[in-house]
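S.K.: What follows is each chain in one-letter form.
2 protein chains.
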Amino acid sequence: MQYTTMPEIDKLLQKAQEVLMFLKKTTVTERARLMHHIADAIEALGEELLLTAQQETNLPVARLATEKARTVFQWRSYADAVATGNVLAVRIDTALPNRMPAPKPDLRKTYLPVGIVTVFCASNFPFAYSTGGGDTASAIAAGCPVVVNAHSAHVQTSVIMAGAIAAGIEKAGFPASVFSHVISEGFENGQYLVQHPLVKAVGFTGSYMGGKTLYDLAQKRAEPIPVFAEMGSVNPVFVLPKKLKADPKKLAEQYAASLTLGVGQFCTNPGIIIVPDIPEFDLFLDTLATTVTETSPAMMLHKGIAGSYHKNKQATITQPGVSVLAEAANTNELAGNATVAITGKDNFVHNKTVAHEVFGPFGLVVKYHSTEDAIAIAQSLEGQLTATVWAETEEAGDNRELINLISEKCGRIIFNGFPTGVEVCYAMQHGGPFPAATDSRFTSVGPDAIQRFARPVSFQNWPDSLLPAELKNENSLQIWRTVNNELTKEHIVL
Amino acid sequence: MQYTTMPEIDKLLQKAQEVLMFLKKTTVTERARLMHHIADAIEALGEELLLTAQQETNLPVARLATEKARTVFQWRSYADAVATGNVLAVRIDTALPNRMPAPKPDLRKTYLPVGIVTVFCASNFPFAYSTGGGDTASAIAAGCPVVVNAHSAHVQTSVIMAGAIAAGIEKAGFPASVFSHVISEGFENGQYLVQHPLVKAVGFTGSYMGGKTLYDLAQKRAEPIPVFAEMGSVNPVFVLPKKLKADPKKLAEQYAASLTLGVGQFCTNPGIIIVPDIPEFDLFLDTLATTVTETSPAMMLHKGIAGSYHKNKQATITQPGVSVLAEAANTNELAGNATVAITGKDNFVHNKTVAHEVFGPFGLVVKYHSTEDAIAIAQSLEGQLTATVWAETEEAGDNRELINLISEKCGRIIFNGFPTGVEVCYAMQHGGPFPAATDSRFTSVGPDAIQRFARPVSFQNWPDSLLPAELKNENSLQIWRTVNNELTKEHIVL
Numbered sequence: 001m002q003y004t005t006m007p008e009i010d011k012l013l014q015k016a017q018e019v020l021m022f023l024k025k026t027t028v029t030e031r032a033r034l035m036h037h038i039a040d041a042i043e044a045l046g047e048e049l050l051l052t053a054q055q056e057t058n059l060p061v062a063r064l065a066t067e068k069a070r071t072v073f074q075w076r077s078y079a080d081a082v083a084t085g086n087v088l089a090v091r092i093d094t095a096l097p098n099r100m101p102a103p104k105p106d107l108r109k110t111y112l113p114v115g116i117v118t119v120f121c122a123s124n125f126p127f128a129y130s131t132g133g134g135d136t137a138s139a140i141a142a143g144c145p146v147v148v149n150a151h152s153a154h155v156q157t158s159v160i161m162a163g164a165i166a167a168g169i170e171k172a173g174f175p176a177s178v179f180s181h182v183i184s185e186g187f188e189n190g191q192y193l194v195q196h197p198l199v200k201a202v203g204f205t206g207s208y209m210g211g212k213t214l215y216d217l218a219q220k221r222a223e224p225i226p227v228f229a230e231m232g233s234v235n236p237v238f239v240l241p242k243k244l245k246a247d248p249k250k251l252a253e254q255y256a257a258s259l260t261l262g263v264g265q266f267c268t269n270p271g272i273i274i275v276p277d278i279p280e281f282d283l284f285l286d287t288l289a290t291t292v293t294e295t296s297p298a299m300m301l302h303k304g305i306a307g308s309y310h311k312n313k314q315a316t317i318t319q320p321g322v323s324v325l326a327e328a329a330n331t332n333e334l335a336g337n338a339t340v341a342i343t344g345k346d347n348f349v350h351n352k353t354v355a356h357e358v359f360g361p362f363g364l365v366v367k368y369h370s371t372e373d374a375i376a377i378a379q380s381l382e383g384q385l386t387a388t389v390w391a392e393t394e395e396a397g398d399n400r401e402l403i404n405l406i407s408e409k410c411g412r413i414i415f416n417g418f419p420t421g422v423e424v425c426y427a428m429q430h431g432g433p434f435p436a437a438t439d440s441r442f443t444s445v446g447p448d449a450i451q452r453f454a455r456p457v458s459f460q461n462w463p464d465s466l467l468p469a470e471l472k473n474e475n476s477l478q479i480w481r482t483v484n485n486e487l488t489k490e491h492i493v494l
Numbered sequence: 001m002q003y004t005t006m007p008e009i010d011k012l013l014q015k016a017q018e019v020l021m022f023l024k025k026t027t028v029t030e031r032a033r034l035m036h037h038i039a040d041a042i043e044a045l046g047e048e049l050l051l052t053a054q055q056e057t058n059l060p061v062a063r064l065a066t067e068k069a070r071t072v073f074q075w076r077s078y079a080d081a082v083a084t085g086n087v088l089a090v091r092i093d094t095a096l097p098n099r100m101p102a103p104k105p106d107l108r109k110t111y112l113p114v115g116i117v118t119v120f121c122a123s124n125f126p127f128a129y130s131t132g133g134g135d136t137a138s139a140i141a142a143g144c145p146v147v148v149n150a151h152s153a154h155v156q157t158s159v160i161m162a163g164a165i166a167a168g169i170e171k172a173g174f175p176a177s178v179f180s181h182v183i184s185e186g187f188e189n190g191q192y193l194v195q196h197p198l199v200k201a202v203g204f205t206g207s208y209m210g211g212k213t214l215y216d217l218a219q220k221r222a223e224p225i226p227v228f229a230e231m232g233s234v235n236p237v238f239v240l241p242k243k244l245k246a247d248p249k250k251l252a253e254q255y256a257a258s259l260t261l262g263v264g265q266f267c268t269n270p271g272i273i274i275v276p277d278i279p280e281f282d283l284f285l286d287t288l289a290t291t292v293t294e295t296s297p298a299m300m301l302h303k304g305i306a307g308s309y310h311k312n313k314q315a316t317i318t319q320p321g322v323s324v325l326a327e328a329a330n331t332n333e334l335a336g337n338a339t340v341a342i343t344g345k346d347n348f349v350h351n352k353t354v355a356h357e358v359f360g361p362f363g364l365v366v367k368y369h370s371t372e373d374a375i376a377i378a379q380s381l382e383g384q385l386t387a388t389v390w391a392e393t394e395e396a397g398d399n400r401e402l403i404n405l406i407s408e409k410c411g412r413i414i415f416n417g418f419p420t421g422v423e424v425c426y427a428m429q430h431g432g433p434f435p436a437a438t439d440s441r442f443t444s445v446g447p448d449a450i451q452r453f454a455r456p457v458s459f460q461n462w463p464d465s466l467l468p469a470e471l472k473n474e475n476s477l478q479i480w481r482t483v484n485n486e487l488t489k490e491h492i493v494l
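So the sequences go chain by chain: X and W. Using UniProt numbering, you'd call the opening residue of the first sequence number 1 and step up by one each time. Using UniProt numbering, you'd call the opening residue of the second sequence number 1 and step up by one each time.
Chain X on its own, in the form it takes in the complex:
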């Protein structure tokens, strides 16, 4: 393996900085064109990509093919979002020279790239949250050159993807340093990047430990920089009594399916289910135990992930008041065997270790007796990417206090469903209160993810000929603009 050296990183960043000045001058239309070229190049990648990724991550080819299609869709939909002005909304206030007591100047606000963005790849999504994933696509959409730090668990996949991105950039006629690829042994390169004066923002998807370390490094810089770290969560599922009563068996089967999907290796995996102690509780529990026991163990992403799964699971199930309900058989320490345990409300609320994320197919059933119990459980939760409520519609209406409290803790709240499956669309919020993410005001999925890497700049009293295209009187890009408080696509006639 040829690792990137720090002097090489310096050179990559210096070139990227030159390209930043070039990208600043491109219009949203030109950046959208670039992004479609990159999407084409990724789309054209064939079996080599899928098989390499399969070998490096143990993920099935069918799942990887879907993830690749999603990755391509991210590039295209983010490109459309900037090109239409739906994201990075332009604001224009025209002058009022006769206003009293002072004239109002002409002010026009657009967005500039924050600067070079460093992206850290996720082990569990080699395409969609990695080299050519959502962070890279949204940073380039904002006009930022990107330096990707490849994930050590899927370097070859990363190299292939980097090649496609480079080809797309070349085809579009953009300078190569829009995108750079760093291969690292250990953590030093990553830390060097986050502390480098030319790097102005960071995108990260992974563990709390990894994300928080980078966040702290970035805040300690002489010039602190924004770090968007998506660090996962336990994604609690609250079940209300009438819904449990309606079909305990089906709920248990569906929960087990969501919990064990992809060997539980999703940051939205529903690791905790809060279930009322009513007569149907036993049937729910029996079905869950049976279904989980019958799940075949499967290879996890890599040795480190598997090791952590078994260690963290052990730490939880050996806590006082926690008992194992069911555990699928396992003969391979690199595989994740589905496991569910059970505990009570008091134990969950008072012992923080019990509520910690176990990345993998591990579920914890928390039994509760009353609405007050459920509220206490919700209150004890840390920030989550998602939370889910299973309830009859009327029942949910009667439990608004609980549901309000749950929504306080998460970025996405699901009704009678499961959180695995993160749709790429405008209405997606993938993020949440700390520690699910480092900044709950942003999403890392959907076109609004672009907002993480753009900063507004106002132009005051500039001649029309010198303004960026999106701010000129003539709306040649045909984007949505807020002109004197009204959304419009009209030209401005002064």
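No wet-lab data here; the hints were simulated from the structure. Computed from a predicted model, the values in this text were never measured in an experiment. Just so you know, not all the hints are guaranteed correct.
One copy or two, it doesn't matter: identical chains are merged, so the pair holds either way.
In silico DSS-like pairs for lysine-lysine, Cα to Cα no more than 27 Å straight-line [to be verified]:
{"#": "1", "residue 1": "Lys250", "residue 2": "Lys104"}
{"#": "2", "residue 1": "Lys249", "residue 2": "Lys104"}
{"#": "3", "residue 1": "Lys472", "residue 2": "Lys242"}
{"#": "4", "residue 1": "Lys242", "residue 2": "Lys25"}
With chain X held as given, fit chain W onto it using these hints.
M.R.: This is chain W only, laid out in the frame that chain X set:
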């Protein structure tokens, strides 16, 4: 003076937390109504407010009256911005149950308040950036209860303003703890607030020292929270040769007027002017010297500000290569006497002390000889709230590299004008790259300031009857919404 104790702060925050759950359930229309009531109450304040503020800050009554009107306008325009959906833009993607390979869920994204916001007041704007100022208005617009830490330099003004806000809240029928007022001796209360687990965001306007200290405290919390600190800057003015040649006398007079406006106590004060060494340079300099010498010194905001002005000015003018060009006479150490000094490009670029902000009526002329000089000066700058270019239109077109570089360093870029005067409108960007502000992606002035204190939350597959009003199929609030990628005010028909 009755100072607030820490146990009292705890109680205020506990009550505010209860109100947060109440505010979460209010619609944007209801919050807008509350804000207009507060605006009414502030508007109704009369001479007592103005005279108290005048006594505490030495600011003239006429200026204070304008600032009060601006403050009222902030409440009203931010109220309208949330009520129309122009800020906190709702996104809706309806379900595609038959999509392959997997159905698409119904997703609807709105905004929740981040939680209790603590606001620190500015010494130089007792109304517009203080107790009832832009931070408070934008936090309440986002649905956040606010705890204001009064500025020690204008506590009585703050008390009067807090009374008006309380009256407005009562009139609107909202709970009192939407707004709380803390009076502090020293810094302990402020630090306690920023570190309190119930506080979820901070707004600050003031010095670099103050803002950075609070920022660092907030990042060291177990749960880091966003701090938007606007910390001022030197707001460089770049003059290009043809423009100087056109009218050196008028430019010097206008610059002096902007520099000394309000005893130079604006965060947008143009503390540095970069002027080409052409024959007209001498006339520019002579006029500037004469105008500045003739400026009457005036009382600064308070003793601390005046002391810092004289100390910091002294530190700059005693640097090697810096010489005083003109200094208005002064007999009162509490007054700020306008002063201009001059230095050369090399000295400016290599000695960071020379480029430091001197808060008050102090200007530094930096002489340059070539476009390369001007580029080097621009490159050496830290992040700025504003930067200004004086140029003929054609000349500016010929200097795009320089202007691009300047825009890279600031939040607002002005053409042939001066940065003092911060318009309250959608297109305003008041903020900028660090150290002008702690997060360049947000503004503290204009309706978009609300975005600092709101976080998106997605509702997945919720029954229409249980959705927040702004997300229901029927668009009863008549707000702009992005529905299936298109901006519309239409109802949704499924």
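S.K.: Each hint: holds or not?
M.R.: Results for each hint:
Taking the shortest Cα distances, Lys250 and Lys104 sit within 27 Å of each other only across copies (21 Å), while inside one copy they are farther apart (64 Å). Only between protomers do Lys249 and Lys104 lie at most 27 Å apart by alpha-carbon distance; the minimum there is 25 Å, versus 66 Å within a single protomer. Within a single copy, Lys472 and Lys242 get their C-alpha atoms only as close as 58 Å, which misses the 27 Å cut-off; across copies the closest is 25 Å, which meets it. Only between protomers do Lys242 and Lys25 lie at most 27 Å apart by alpha-carbon distance; the minimum there is 25 Å, versus 59 Å within a single protomer.
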